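J.: The residues making up each chain are set out below.
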Amino acid sequence: MSLLHVENLRVDIPMGNRPTPDDMLHAVRGLTFEVERGEMLCIVGESGCGKSLTSLALMDLLPRNAKRSASRLTLDGIDMIGQSERHMCDLRGNRLAMIFQEPMTSLNPAYSIGDQLSEVLTRHHKVSRKDAIARAAQMLEKVGISNATERLRQYPHQLSGGLRQRVIIAMALMCEPDLIIADEPTTALDVTIQAQILRLIRDIQKELGLAVIFITHDLGLVARIADRVAVMYAGEIVETAPARQLFENPQHPYTRGLLASIPIPGRTRPGEALGSIPGLVPSLVGEQQGCAFRNRCAQAIAACAQDIPEVEQDGHMARCLFATPAPEPIRLRERARS
Amino acid sequence: MKKDIALELCDIRREFRINQGFFKPAATLKAVDGVSLRLMRGETLGLVGESGCGKSTLAKLLLGLLPPTSGDVLVNGKHLAATDRKEMSRHIQPIFQDPYSSLNPRKTLREIVTLPLIVHGIGSTAERRKKTEAMLDVVGLPKRVIDSYPSQLSGGQRQRVAIARALIMRPDVLICDEPTSALDVSVQAQILNLLQDLKHEFGLTYLLISHNLAVIEHLADRVAVMYLGRIVEERTRESLFAEPGHPYTRALLDSVLTPDPRLGIPEIGLHGTFPNPMSPPSGCAFHPRCPSCFAPCKTAYPANDSIIGGNVRCHLHDTPAQTLELVHS
Amino acid sequence: MSTPTTLAINDYLPPPSSLSRVLGKSLRHRGFAIGAALLLIIFAGALFAPWLAPYDPYAQDVVLRMKPPAWMANGTWEYVLGTDKLGRDYLSRLLYGARISLFIGIAAALLSGFIGTVMGLLAGYYGGKVDAFISYLITTRLAMPVVMVALASASLMGGSLKVVIVLLGCLLWDRFAVVVRASVQQIRDAEYIASAQALGCSTLRILVSEILPNLVGALIVVATLEMAHAILLESALSFLGVGVQPPTPSWGLMIAEGKPYMFFSPWVIAIPGVALMILVLGINLVGDGLRDLILPDGRN
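Which chain is which? The protein sequence lines are X, A and Y, in order. Numbering (my numbering) for the first sequence: 721 to 1058. Numbering (my numbering) for the second sequence: 799 to 1127. Numbering (my numbering) for the third sequence: 10 to 309.
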C-alpha cells in the first residue's frame, strides 16, 4: 500500500464576493498521484501551476477562503479529508512535516533554535524538555551542523541562510515523520550551498527511509535527485514518470518545451536561440475544459478541446492525445569542441 | 583604440560604513574592493557571483547611482564622475532583476517607456508616441497592452517593458542585473533570445550579471568571476568553461545542475560558509573554503596571473619565481 | 515569493482603476456607503444653502427669539428647527454653518497635507541628516498638546476664519509626514526608482512624478482623518471664543452661544452637536472604508 494516496484533489478559490461558477479560480484541478514509502517524488512546474497550493492542500494549511476537496486523501491509511483541525495539528510535524522556501522567515526570530526544535517534540510526544534538547542536538549534528549545543542557544538571526535551512530540515525530522513536503527549499540559497542541502536531504531520506515530495521549478535539480517526477501545468499533472524515463523520453509537449528551453553548458550552442514556449498560461477562472496547454501547443488539434484522458505505459503517464514515444529518445550529447 | 572600449573600470572601490550601535566603532564594509574590468564594444561580458559578492553594488556604481570611494569608471572613454548623470544615461542603461518592482505600478506602459524621451526632451509628442510604439513592437509586445498597467502583465511581459525602456534612448551599454532570475524557465528562454537578437540589431554591449552559469555560458563572450568584492578570474568563455582556473569557479561550475538523470548530486568540496564581508579572511579571501588551500593562501593576496584566455588570482597558478618570492617574504 | 493565490495574469483583464469597478466595490462596503451617504447629505446642504435656507442666517427678530423646534410644544413650522437667542432661524444657521465646517475641514486638511507630505517626502527620500532633522520636528510637534497651543496662538492672533485655517494647517501635518515618510522609505528601494535615477531624472521629478502617485491611497485615508480632526478643533476653538467670531454661523459658536440655555432649551446645543457628530462620523466611516478598500490591495 502506498504511503500517500491522493485522488482527484481540487482546490478552488472564489475570486469575487459571491462564489459563482464564473468567479471561481480552479487552482488545482483533479490531482491524482501516489507516493511510496522511501520515495522521492518531485513535483515540477512553473509559477501559477498550483504546486505550492497542492502542498498546502495536503497539509490542510490553505488560506481560509480556499476550498479543498478530494475523492481520497490518505496518509498511511489515515483519512486526511475529514480530519478536524485538532487532529490535523496532531499529524502535522509528527507524521508529516513541511519545509518552506524562505529560510529567513521560516524560523521565529524571538525564540532560540533549541526552543523551536524541542517544541516540535514536546508538542507531539511525552518527553521531558531535557530529552527534547538532547534529541535536538542529535538532529543538528545529523544535518551537518557542528557545535550543536552552542547553536541550540543561538537565535535565527545569528545564522546564515544555509544554516537556517539545515535547522529547518532538522526541525522537520524531529518526530521522524513518514512524509516530508519540501516546497522549493533551495531556491533562495546560493548555488554553492544548494548542492550541499540537496545532498543532505537525499542522504537523510535514504537513511531514514522517508518519503519526500520535493516541489521545484528547476528541472536540472529534479533530474539529479528524483526517483519519480510529476510535471504540473495549469493545475493538473500532465506527465508522471520515473526520473530517467521522463528526461530521456518526455511525452507531453509541455515537458518537451520546458526541456528545450533550458540552456545547458556543453549541450546548447551559445548564442543560438533557445527553444521557447509561445503564449501564456491560460486563466483558470471559470469552467475549464480540454487540454489547458492547447493554445500554446504546436501539435494541437480540434480534439484537444475535449477533456484528455491519461495515457499510461510502464509507469509513464502523460495527459496528451499524442503521448507516444518520441521518434528518437533525447540523449544528452557532448557538444563537439571546436 | 579608446573608442573600442565601451566601458572601463579602473580599480574601483566602494566602502560602506556600517553603524554597529553605540558601543562599537563603525565597521567598514568593502562591497567592491578594487575591480578593474574592460568591456569591449559589441561583446557580452558575464559577471558571475553569488549573493554578497558585490555585483549589485558594482551595477549601481556603473550606473552612477552610487559614487565610488575611489577609482574610475569610463564610459566611451569619458569619466563617469565628471559627466552629468543625465548625459551619461544616454549611453548606459540598466535592466533589473525583479520585474515586479522595476516598473512604477501607477504608470501605464506608454508612460513608462516614453519617460526617457521626456526627460531628455527628445522629439515632439507625436514623435514620442511613434518611437514608443515602435520600441514596444521591437520587444515583442502587442499594441493592445500599451495603455495597460504593469499589474496586468506577466513577469516576462514586464521584463520586455523594462528592456524597451532601457533601449529607447539607444544606449551603447546595457547593464543586465540578473535579468531572468525571477522568471520561469520558459519565459527565461524568450527573454534571453530577445536580448541576443537586440544585441545584434542595435549593436549593443552587455554586462550580464548572473549567478546562473548556464545563462552566462549561453550569452557571454568573456566571463569574470567575483568573490567578496574582487574579481578572482577573468577569461574567455570557452577557456573558462573548458578549464576553470580558480577553485571557486570550479565549484560554481560543478554546482550547475544540468538535467541529466544519470548524474547525481555534484560534490562541490567547499568547506564552511560565506565569510562575513565586514571581516574578510586574510590573504586570499577564499582560503577558508578552498579545497586546494596551501601555505601562501593564508597570508598573501594573490597577484593577477596570466593563463590561457585571461587571468586568474590564485596561488595555484603562480609561476615558480612568484612562489619563491612568497616563501621568502 | 508570490502568494499561493497569484494568478497567471493574462492581458485580457480590464484596467484596475476603472471608475465603475471602484465605485461598485466601494458601495458594497457598508461602512463606506453609510458614511458617504451622510457626507453627501451634509455636503449638499452646505452647497445649496442659499436655496435651501428659508431665511437669512443673520436676520434677527427679537420677538421670535428662543422658539423651540416645530415638533415641540410652542414651536411653529415656520421655523422648523426653532430660533436662537437673537431670533435667527436655526435651520438656516445650520446649513450655513455646514459651509464653515466643511470649508475649514478641507482647507486645513489641504494645507497640513501639503506641509506634511513635503516633509515626509524629503525625510523618506534623503534619509540621513535630513531625516533626523525632520523626525525631530515631528517628535516635537507630537509632544505639543495641540488644543492648548491652538488656543494660545489663536488668542494672541485674534480669532477669525483665516487664522483658524492657517493655525490648524500648521499643527495637523504630523500624521501626513509620518505616513508619507514610512511609505517613501519602502518605495525608495524599489527598482523603478533606481531606473528613474539611471535615466537622469531630476530629484524633483522622481519625488513628484514617480513616488507621489504611489502615495495617493494612504494620503486620502490620512486626509479624511485630519479633516475630521480639524473640524472638531475648529468647533472647540470657536466654542472657546478664539475661533470664528460671531455672528458667523459656525457650529461651535452656536454651541457656545447656547450654553447658558442648556438646561431650559437643550435643542440650542443639541442640534449643532448632533450635526457635528454626524459629520465627523461620516468622515470617519468614509476614511475607514477607504482604508479597508485601498490598503489590503496595496494599490487602487
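Treat the hints with caution; some may be incorrect.
What the hints assert, rightly or not - Derived lysine-lysine pairs resembling BS3-like cross-links, with alpha carbons at most 27 Å apart:
1. X:Lys862 / X:Lys787
2. Y:Lys268 / Y:Lys171
3. A:Lys828 / Y:Lys138
4. Y:Lys138 / A:Lys822
5. A:Lys822 / A:Lys928
6. A:Lys876 / A:Lys905
7. Y:Lys171 / A:Lys884
8. Y:Lys138 / Y:Lys268
9. A:Lys941 / A:Lys905
To be verified - Here's a subset of chain A near chain X, in silico, CB distances under 8 Å, partners left out:
10. Ala825
11. Gln994
12. Ala1049
13. Leu1124
Said to hold, decoys possible - Beyond 12 Å from chain A on every Cβ pair, some chain X residues (computed):
14. Leu745
15. Ser767
16. Arg788
17. His845
18. Gly882
19. Thr906
20. Arg919
21. Ala946
22. Tyr974
23. Gln1019
For the record, the hints were derived by calculation from the structure and aren't laboratory data. Owing to the predicted nature of the structure, the values given are computational and were not obtained by experimental measurement. The beta carbon of each residue, even a glycine, is placed where N, CA and C say it ideally should be.
J.: Would you settle whether the hint for leucine 1124 of chain A is holds or violated, based on the nearest Cβ-Cβ distance to chain X being less than 8 Å?
T.: Check failed: Cβ of leucine 1124 of chain A comes no nearer than 27 Å to chain X, outside 8 Å.
J.: Classify the hint on alanine 1049 of chain A as holds or violated, based on whether any CB of chain X lies nearer than 8 Å to its CB.
T.: Result: holds, 5 Å to nearest chain X Cβ.
J.: At 12 Å, judged by beta carbons, does leucine 745 of chain X keep clear of chain A as stated?
T.: holds (16 Å)
J.: Hinted pair, alpha-carbon criterion (27 Å max): lysine 138 of chain Y, lysine 268 of chain Y. Please report holds or violated.
T.: violated (50 Å)
J.: With 12 Å as the threshold, tell me whether serine 767 of chain X passes as away from chain A on beta-carbon distances.
T.: Answer for serine 767 of chain X: violated, closest chain A Cβ roughly 6 Å.
J.: Below or equal to 27 Å on CA atoms is what counts here, so check lysine 828 of chain A against lysine 138 of chain Y.
T.: holds (23 Å)
J.: Against chain X, is alanine 825 of chain A within 8 Å by beta-carbon distance?
T.: violated (17 Å)
J.: Are lysine 862 of chain X and lysine 787 of chain X close enough, with their CA atoms no more than 27 Å apart?
T.: violated (38 Å)
J.: For the pair we were handed, lysine 268 of chain Y and lysine 171 of chain Y, check the Cα-Cα distance against 27 Å.
T.: holds (25 Å)
J.: Determine whether the non-interface label on alanine 946 of chain X survives the test: each CB of chain A must be over 12 Å from its CB.
T.: violated (8 Å)
J.: Decide if the proposed pair is consistent with the structure: lysine 171 of chain Y and lysine 884 of chain A, CA atoms, cutoff 27 Å inclusive.
T.: Answer violated: lysine 171 of chain Y to lysine 884 of chain A is near 44 Å, above 27 Å.
J.: With the threshold set at 27 Å, check whether the alpha-carbon distance from lysine 876 of chain A to lysine 905 of chain A stays at or below it.
T.: violated (34 Å)
Hints 1, 5, 6, 7, 8, 10, 13, 15, 18, 19, 20, 21 and 22 from the earlier list are contradicted by this structure; the remaining hints agree with it.
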